[in-house]
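Student: The chain contents come next:
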Amino acid sequence: MIRTATLICGLLVSPVWAGEIWVTNEKDDTVSIISTETLEVIQTYPTGERPRGITFSKDYSVVYICASDSDAVQVMDPNTGEILHDLPSGEDPEQFVLHPNDRHLYIANEDDAITTVVDTETRRVIAQIDVGVEPEGMAVSPDGKIAITTSETTNMAHWIDTETQELFANTLVDSRPRHAEFVAEGTQLWVSSEIGGTITIFDVADQSEIGKIDFEVQGVHPDRVQPVGFEFTADEKTAFVALGPSNHVAVVNAETFEVEDYILVGRRVWHMDFNGDKTQLFTTNGVSGDVTVIDVASRTAVKTIKVGRFPWGAAYRPTE
Amino acid sequence: MGRNLLIATVIGACVGSTAQSDVALNIGYLSVFEPQPPTLSNLDPEPADIGLAGALTGLSDNATTGRFLGHTYTLTDVILQEGDDPLAAAADLFAETRFLIVDAPAETLLAIADLPQAQDALLFNATAGDVDLRRDGCRANVLHTVTSDAMRTDALAQIFVKRRWDDLVMITGTHPQDVAYADAMRASLTKFGLALSGEKTWAFDADMRRAAAQEVPLFTQELGDYDVLVVADELHDFGRYILYNTWQARPVAGSEGLTAVTWSPVIEQWGAAQLQSRFEEAHSRDMTSQDYAAWAAMRTLGEAVTRTDAADVQTLRDYILSDDFELAGFKGRPLTYRDWNGQLRQPIAIAHPRALVAQAPLEGFLHQTNELDTLGLDRPESNCEAFE
Numbered sequence: 000m001i002r003t004a005t006l007i008c009g010l011l012v013s014p015v016w017a018g019e020i021w022v023t024n025e026k027d028d029t030v031s032i033i034s035t036e037t038l039e040v041i042q043t044y045p046t047g048e049r050p051r052g053i054t055f056s057k058d059y060s061v062v063y064i065c066a067s068d069s070d071a072v073q074v075m076d077p078n079t080g081e082i083l084h085d086l087p088s089g090e091d092p093e094q095f096v097l098h099p100n101d102r103h104l105y106i107a108n109e110d111d112a113i114t115t116v117v118d119t120e121t122r123r124v125i126a127q128i129d130v131g132v133e134p135e136g137m138a139v140s141p142d143g144k145i146a147i148t149t150s151e152t153t154n155m156a157h158w159i160d161t162e163t164q165e166l167f168a169n170t171l172v173d174s175r176p177r178h179a180e181f182v183a184e185g186t187q188l189w190v191s192s193e194i195g196g197t198i199t200i201f202d203v204a205d206q207s208e209i210g211k212i213d214f215e216v217q218g219v220h221p222d223r224v225q226p227v228g229f230e231f232t233a234d235e236k237t238a239f240v241a242l243g244p245s246n247h248v249a250v251v252n253a254e255t256f257e258v259e260d261y262i263l264v265g266r267r268v269w270h271m272d273f274n275g276d277k278t279q280l281f282t283t284n285g286v287s288g289d290v291t292v293i294d295v296a297s298r299t300a301v302k303t304i305k306v307g308r309f310p311w312g313a314a315y316r317p318t319e
Numbered sequence: 000m001g002r003n004l005l006i007a008t009v010i011g012a013c014v015g016s017t018a019q020s021d022v023a024l025n026i027g028y029l030s031v032f033e034p035q036p037p038t039l040s041n042l043d044p045e046p047a048d049i050g051l052a053g054a055l056t057g058l059s060d061n062a063t064t065g066r067f068l069g070h071t072y073t074l075t076d077v078i079l080q081e082g083d084d085p086l087a088a089a090a091d092l093f094a095e096t097r098f099l100i101v102d103a104p105a106e107t108l109l110a111i112a113d114l115p116q117a118q119d120a121l122l123f124n125a126t127a128g129d130v131d132l133r134r135d136g137c138r139a140n141v142l143h144t145v146t147s148d149a150m151r152t153d154a155l156a157q158i159f160v161k162r163r164w165d166d167l168v169m170i171t172g173t174h175p176q177d178v179a180y181a182d183a184m185r186a187s188l189t190k191f192g193l194a195l196s197g198e199k200t201w202a203f204d205a206d207m208r209r210a211a212a213q214e215v216p217l218f219t220q221e222l223g224d225y226d227v228l229v230v231a232d233e234l235h236d237f238g239r240y241i242l243y244n245t246w247q248a249r250p251v252a253g254s255e256g257l258t259a260v261t262w263s264p265v266i267e268q269w270g271a272a273q274l275q276s277r278f279e280e281a282h283s284r285d286m287t288s289q290d291y292a293a294w295a296a297m298r299t300l301g302e303a304v305t306r307t308d309a310a311d312v313q314t315l316r317d318y319i320l321s322d323d324f325e326l327a328g329f330k331g332r333p334l335t336y337r338d339w340n341g342q343l344r345q346p347i348a349i350a351h352p353r354a355l356v357a358q359a360p361l362e363g364f365l366h367q368t369n370e371l372d373t374l375g376l377d378r379p380e381s382n383c384e385a386f387e
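From first to last, the protein sequence lines are chains A and B.
Taken in order, the first sequence gives residues 0 to 319; the numbers are from numbering that gives the first Met the number 0.
Taken in order, the second sequence gives residues 0 to 387; the numbers are from numbering that gives the first Met the number 0.
Here chain A stands alone, though its shape is the one from the complex (with noise of 0.2 Å):
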């Protein structure tokens, strides 16, 4: 009896939460799509070249995808996966994050050195910013007043007050910083250094470092952990870090910067997402060219779902 309870109540539940993993295969140009509930590839769309940031609107009506080899940003209608039209984006957009505003894309240009923010209402660029050599993790505050920039060459968070559209601060961090992210309600700022092998934690006060975090993967050298992307569960306690080619993912203690276990996935672990109640988390392995389902809860690899070659980005959208 209690066991057809928890059944129905499974039932109910689930179709809440039905919705879609969109991975970029920069490879491939396509983008694959996963089903959350059955965990296979039920679409394929194609994209402009060499695909790689994937993010969509607020209210999921439209995702952009960064062309990079095609220098434009496309939006493309996730319903039928046509293209409706492309953003100007600078060249070679490889990353980028959306304004709470809506509105307001903030692109990092690689080969450029720039940062571009264009509206995507009326499709013109608003500003352009002068940050360090390859740019590449964005990242915007919960309220919208900061925008992050890390450059990868230059090594730095570079800080854009998104009022004057100027940078306000640039702070240093190991070497070739990936990804940025805002934490505890935008009071904290985390940055992954690919090749110095941490994570950095900034105080988004007065932008000084309260933190890093290291990472040691039994029976892999130091030298090939390498933290890129990154994502915090619901309560924002624990964040996963995808490290690389030491194809794990780290379960960090948000609150201690903690390591507290390390997850097998496929090979060269990139980006990541979770489905909606975030009780499942999606990697993109670019080497293996697969993604790798993690169990939240459990902190076990699940499932492998083979996409296009060399699976970059992941965003989450929700179908119910």
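It is possible that part of the hints are untrue.
Calculated lysine-lysine pairs in the BS3-like style (CA-CA distance at most 30 Å, straight line) [said to hold, decoys possible]: (1) A:LYS26 <-> A:LYS211; (2) A:LYS26 <-> B:LYS161; (3) A:LYS57 <-> A:LYS277; (4) A:LYS277 <-> A:LYS211; (5) A:LYS302 <-> A:LYS277; (6) B:LYS161 <-> A:LYS305.
Hints in this document: simulated from the structure, not taken from any laboratory.
Given chain A's structure and the hints, the job is docking chain B onto it.
Tutor: Coordinates of chain B only, in the frame set by chain A:
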């Protein structure tokens, strides 16, 4: 003698709140004229700005970072012509800067490093692969960003072991560089438990563009059967005519065919595509190993200035040789310096002209401290005492 002062322009004022004290670093680049013996083919002329172009790309990378920190970088480059005196030119440069990137053969490099004016300076060897410069001939004031011959031949030996290509033969040219490469190859094969089953010297004077098809099969027939034919032809004189003309249908490696190099245009992983396209856009050609070595020297100094906020030799040299230093060199791992001989530790590309085949150190070649030290002279193998 051409002489230029290049100032990387600072676009815009210092932006942001983290601008520290103003630091200005002037770096010298000296290219010494080295007569090249004629080669059979004229297909690949050496670019006039080889090396210097890499230093310029490094300068521009440094300048972009520097403008956020109040650090400025300038480059004074001196390109010598035939008959110019390298020692006099170096002495002149030392009057302006304590930091010098050198493109010169080993003997000239050592003569420059031994100048009285060089004693409190820091030199970067961006050209000479001579193993001896990392051994008895090492100097405390010389760091090496270019790989040694031994690092490159060790990389090839690793792939021979990995592929189980253990029956090897070698053809060696007659130039000193060919002989040095062949010596390094023999030492590497011994190090990794391999040996040559046959060797021949290439001493032909016929024009191989016409005669290769007739000569090479006969020439290589005497080597019998083998797994790989190693060619020691560092001037790229005859090696290109060996491929596809051998008596046995076997791969060619060494100076031609499957090569182990500091850098190659076919490297695109690890973010290298960005460096390649930045270089290509600025100089309208592919980036070579020599360009990469000069770029790495420039970036080493930039990284040290960024992290120490200093511009004096003592502080920068100490930092560069410390555990804190790491350079992101687009090779998938942090690059550091060996504190026993000043060699930049780095992965080695094993490539053919169309693709990267592997990157050494190959999986399975372990080391007690750093796998990169399976390539080239490890601490016990180097009797360099200048760094102690």
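Student: Next step is simple, just say for each hint if it's right about the structure.
Tutor: Hints, one by one, checked against the model:
| no. | hint | verdict |
| --- | --- | --- |
| 1 | A:LYS26 <-> A:LYS211 | 33 Å, violated |
| 2 | A:LYS26 <-> B:LYS161 | 28 Å, holds |
| 3 | A:LYS57 <-> A:LYS277 | 17 Å, holds |
| 4 | A:LYS277 <-> A:LYS211 | 25 Å, holds |
| 5 | A:LYS302 <-> A:LYS277 | 16 Å, holds |
| 6 | B:LYS161 <-> A:LYS305 | 29 Å, holds |
The structure is inconsistent with hint 1 alone, although it conforms to all the rest.
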